[in-house]
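2 protein chains.
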Amino acid sequence: MSKPLILVVNDDGYEAKGLEAMVEIAKTFGEVVVVVPDRTQSATSHAITMNVPLRVNLYKTIDGVPYYRTNGTPTDCMKLGEKVVLKGRQIDLVLSGINHGSNSSVSLLYSGTMAAAIEATFDNIPAVGISLQDYSADADFTACVHYGKIIVRQVLEKGIPPYISLNVNFPKVPLEDIKGIKITRQTKGYWHEDMEEHIDAMGRKYYWLSGYLVNTDNKEDSCEWALQHNYISIQPVQVDMTAYEAMKDIKFLEDEFKR
Amino acid sequence: MSKPLILVVNDDGYEAKGLEAMVEIAKTFGEVVVVVPDRTQSATSHAITMNVPLRVNLYKTIDGVPYYRTNGTPTDCMKLGEKVVLKGRQIDLVLSGINHGSNSSVSLLYSGTMAAAIEATFDNIPAVGISLQDYSADADFTACVHYGKIIVRQVLEKGIPPYISLNVNFPKVPLEDIKGIKITRQTKGYWHEDMEEHIDAMGRKYYWLSGYLVNTDNKEDSCEWALQHNYISIQPVQVDMTAYEAMKDIKFLEDEFKR
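Protein chains in written order, with the numbering used here: chain A, 1 to 259; chain B, 1 to 259.
Among the hints, erroneous ones may be present.
Because identical chains share one entry, a pair is satisfied inside a single copy or across any pair of copies.
[Said to hold, decoys possible] In silico EDC-like cross-links for lysine to aspartate or glutamate, where the CA-CA straight-line distance does not exceed 20 Å: (1) Lys179 / Glu256; (2) Lys205 / Asp255; (3) Lys149 / Glu254; (4) Lys179 / Asp255.
The hints are simulated quantities; they were obtained by calculation from the structure and are not laboratory data.
Can you build the whole structure from these sequences, using the hints too?
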């Protein structure tokens with residue numbers, strides 16, 4: 001492959017440390033263009049912007065890499081990158097992240113990082129989302145950059161199946177403690193959530209969402225198991241959410257109306 | 001079952017005509033509580049609110065049904081309904097919608113309506129999202145209400161498998177033209193999208209997202225086929241997005257790091 005064209009997007013916004021880590025990975029391999037939100041867009045899932053006009057503007061160029069920011073969501077970043085910024089050019093790879101915080105288990109469904117990667121696969125562009133199990137703004141991305149380069153090189157050289165994105169999650173451990181890579185499936189689980197009640201200066205109630213992931217799985221082939229045992233988890237992701245097994249169980253609904 | 005407790009949520013907001021249609025269905029069967037966004041939240045997917053405090057307030061009570069609205073997303077509506085409004089009470093069914101516009105094929109991934117239903121299943125609450133293939137504000141929900149009552153009655157009487165939600169889509173046809181119900185799988189397809197360029201009063205460019213669904217499937221067991229042939233589509237939905245078939249295809253990534 002000649003120098004590939006790589007679009008970098010994220011959900012943590014243009015000031016995130018994880019963005020610079022991803023650009024460092026991307027620059028190793030090709031021409032890089034960055035399109036990211038103008039503020040944090042964590043947990044915006046696959047939201048798209050339909051009720052306000054979208055803006056996208058170049059805000060800096062560093063070492064030949066143009067950085068654009070937009071008022072849109074992570075999914076909008078992917079669309080704006082493809083349709084407006086890189087209009088008419090073939091994108092070889094979309095890299096999303098590096099996210100501050102893991103996107104394992106059902107966090108995948110809430111994740112803006114992975115939604116942007118999934119959006120790329122709708123146009124059959126290979127896409128890799130990378131996340132680190134550390135929410136802090138000054139998280140250490142050293143291991144992510146080191147192994148991220150090796151993973152991206154492999155993806156560019158050997159390819160991944162069509163219409164599939166990769167959900168890559170790094171454990172929060174130093175580079176030397178990473179045990180290797182596991183290809184995993186999505187861990188069964190859910191977020192146990194509470195609504196913390198507070199009172200504002202006017203005496204009115206308001207709420208903050210809080211919670212933690214409950215793992216109901218713990219099997220060795222799951223993404224959470226890999227992270228807990230200091231492996232990098234790589235999960236291939238597809239978009240069919242049909243519960244095939246359940247189709248026969250709700251057949252009674254169809255039978256009611258056979259004509 | 002004694003009188004079931006039904007939580008009604010939506011993504012079109014508290015003024016949507018589809019909300020009243022859903023309340024009409026729900027009131028037939030049980031005690032109804034409504035928790036909906038204070039503005040349109042279409043295409044907000046599974047977004048949750050983490051950076052601003054959430055508010056939830058009773059804004060009216062009609063025929064004994066309390067209506068609450070919130071600044072949150074559809075998924076937040078489900079969480080606020082469960083944790084704040086109905087704190088400590090067992091919800092028997094979540095009904096989401098009725099959505100103005102279909103949620104067939106990959107629209108499922110962008111849908112706030114279905115995200116709220118899916119969120120309910122994380123707590124193993126049965127959930128049904130209903131959508132009508134008509135985006136207009138004054139869409140005719142007559143057929144949805146008629147058949148919706150029959151579907152909800154069946155769901156309450158016979159149950160649906162655990163951790164499964166139903167994605168119910170109605171074709172835009174009069175009641176008498178509905179041919180029946182098909183249990184379907186998610187249609188393969190994608191949104192072909194463009195970014196319409198406009199110029200504001202200051203001479204600056206802005207963009208509106210536009211697009212249409214491209215159906216790459218057309219098989220008889222798909223949701224789009226059902227809608228196109230005037231059937232109601234009912235699709236069981238689960239949350240594991242792992243591409244199991246692709247796991248072997250990316251095994252090379254794991255092998256690189258075997259220790």
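Evaluation of the provided hints:
1. In the homo-oligomer, the alpha carbons of Lys179 and Glu256 lie at most 20 Å apart only across protomers (12 Å), although the nearest pairing inside one protomer, at 55 Å, exceeds that limit.
2. For a Cα distance limit of 20 Å, the shortest separation of Lys205 from Asp255 qualifies neither inside one copy, at 48 Å, nor across copies, at 53 Å.
3. Taking the closest pair of Cα atoms, Lys149 and Glu254 come within 20 Å of each other only across two copies (14 Å); inside a single copy the shortest separation is 51 Å, beyond that limit.
4. Proximity of Lys179 and Asp255 under a CA criterion of 20 Å is satisfied inter-copy only: 12 Å between copies versus 53 Å inside one chain copy.
The earlier numbered hint that this structure contradicts is number 2, and it is the only one.
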